[in-house]
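Now for the letters of each chain:
2 protein chains.
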Amino acid sequence: MSEPDVVYIGEKPVSTYVLYILERLKKGSRKILVKARGHNISKAAHVTEAVHRMSGGKTKYGDIRLYSEEVGEESEEKSVPAIEIEVISLL
Amino acid sequence: MSEPDVVYIGEKPVSTYVLYILERLKKGSRKILVKARGHNISKAAHVTEAVHRMSGGKTKYGDIRLYSEEVGEESEEKSVPAIEIEVISLL
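Residue numbers (my numbering), protein chains in the order written: chain A, 797 to 887; chain B, 797 to 887.
If we strip away everything but chain A, and leave its shape as in the complex, we get:
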């Protein structure tokens, strides 16, 4: 098994991530791990669903994992929800 490509969903537009992932799939990537936290979790879902649609259904989901990450300074550490979505190529 090769390591999956990892894509972190941040503040760029949805289309930027979608086009990047479609390009990776076209180049032969078998598995892409999409990671996001906080309010970007919704965007990650938006991205992976758009990739599925725009690839003509040529992706499926592997594991989808929810967890928490601690962020911030030690005295003001807070817990932020995070997601990891495995996108598997059917190409």
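Treat the hints with care, as some may be off.
One copy or any two copies: either way a pair holds, since identical chains are not told apart in the list.
[To be verified] Pairs of lysine-lysine, DSSO-like flavour, derived with a Cα cap of 30 Å:
#: 1; residue 1: Lys-874; residue 2: Lys-808
#: 2; residue 1: Lys-874; residue 2: Lys-854
#: 3; residue 1: Lys-822; residue 2: Lys-874
#: 4; residue 1: Lys-831; residue 2: Lys-874
By construction, these hints were calculated from the structure, which means they are not laboratory data.
We have chain A; now place chain B onto it with these hints.
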């Protein structure tokens, strides 16, 4: 198997959903299905992670499913990402 409780995440504060779910678990609910779409997907993750933490780790995840729903009028139908998160009681 009994049907799971279903909780739709909407515009109320995170704490409202967290307290409701903790109450359901305390009353013996074995499985709660948390559903959200669009920008509320992030809130759903926030809710289920907070429930896990505030229950003292007495929940685990079952299936987590991402999909799309069609919303709006026929002529302006658009696809919105959605999530279903199974929260299983360990109490």
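Within a copy, between copies, both or neither: where do Lys-822 and Lys-874 come within 30 Å Cα-Cα?
between (39 Å within a copy, 26 Å between copies)
Within a copy, between copies, both or neither: where do Lys-831 and Lys-874 come within 30 Å Cα-Cα?
Result: close both inside a copy and across copies, 19 Å intra and 25 Å inter.
Under a CA distance limit of 30 Å, which applies to Lys-874 and Lys-854: within one copy, between copies, both, or neither?
between (38 Å within a copy, 20 Å between copies)
Using 30 Å as the alpha-carbon threshold, which applies to Lys-874 and Lys-808: within, between, both, or neither?
For Lys-874 and Lys-808, both the intra-copy (24 Å) and inter-copy (21 Å) Cα distances are at most 30 Å.
Violated hints: none; the structure is consistent with every hint.
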